[in-house]
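S.K.: If you read the sequence shown in this note's numbering, its first letter stands for residue 1082, the second for the next number, and so on.
It should be emphasised that the hints constitute simulated quantities derived from the structure, not laboratory data. In this text, all values refer to a predicted model and were calculated from it rather than measured experimentally. Cβ coordinates follow ideal geometry from the N, Cα and C atoms, glycine included. Treat the hints with care, as some may be off.
In the EDC-like style, the derived pairs of lysine to aspartate or glutamate whose C-alpha atoms are separated by at most 20 angstroms in a straight line are [claimed, not checked]: (1) K1145 to E1163; (2) K1145 to D1175; (3) K1192 to D1181; (4) K1192 to E1232; (5) K1191 to E1232; (6) K1192 to D1175; (7) K1233 to E1195; (8) K1145 to D1181; (9) K1192 to D1235; (10) K1145 to E1186; (11) K1233 to E1114; (12) K1145 to D1131; (13) K1191 to E1133.
What follows is a list of derived Cβ distance ranges for each label pair [stated by the list, open to error]: (14) A1220 to A1089: 40 to 48 angstroms; (15) P1237 to P1162: 19 to 27 angstroms; (16) A1222 to E1163: 35 to 43 angstroms.
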Amino acid sequence: MSPPIKPATLHLELQNPCHYNLPSRQTLQHWAEAAFQQDHDASVTLRFVDTEEGLALNTDYRQKNYATNILSFTFDAPILPEGVTLEMPSHLGDLVICTDVVEQEASAQKKSFEQHCAHLIVHGMLHLQGYDHLEESQAQAMETLEINILEKLDYPNPYSIT
């Protein structure tokens, strides 16, 4: 009899340099795991930043002169010599959330910070796993997946207009 298959584990590194009052680490982990669709262990860095850092990152990497709610940076693993392997979880990438922008958007959309943050973490996790919304068909597929994941987390459809 073979041993049971161990489910893939998501290692979440949380960075909160501005010491924001955030949902618990366990809650953030739960949201990220809900959107984790890998069959191997992996890690993700989740960083909460202020407007200044959010603006700098969005300007540097997307040439957009404003802070945005979330940025997703996929990790491109280095090419290793033949026969060389690394005994560590693969790193999917980094999610950077601009807390001030999320708070403003949540207020404008009449949502709680928690609800909006859960949606953005699910959205960002999907980006790190190859999902995108550049074309209409991609956007619809990604939105449907987000809605389904958030429903399992007991959050309403983030795209419904209230």
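S.K.: Each of the hints needs a verdict: does it hold here or not?
M.R.: Now for the hints, and whether the structure bears them out:
no. : hint                               : result
1   : K1145 to E1163                     : 39 angstroms, violated
2   : K1145 to D1175                     : 19 angstroms, holds
3   : K1192 to D1181                     : 14 angstroms, holds
4   : K1192 to E1232                     : 15 angstroms, holds
5   : K1191 to E1232                     : 18 angstroms, holds
6   : K1192 to D1175                     : 25 angstroms, violated
7   : K1233 to E1195                     : 15 angstroms, holds
8   : K1145 to D1181                     : 17 angstroms, holds
9   : K1192 to D1235                     : 14 angstroms, holds
10  : K1145 to E1186                     : 18 angstroms, holds
11  : K1233 to E1114                     : 12 angstroms, holds
12  : K1145 to D1131                     : 16 angstroms, holds
13  : K1191 to E1133                     : 25 angstroms, violated
14  : A1220 to A1089: 40 to 48 angstroms : 27 angstroms, violated
15  : P1237 to P1162: 19 to 27 angstroms : 50 angstroms, violated
16  : A1222 to E1163: 35 to 43 angstroms : 36 angstroms, holds
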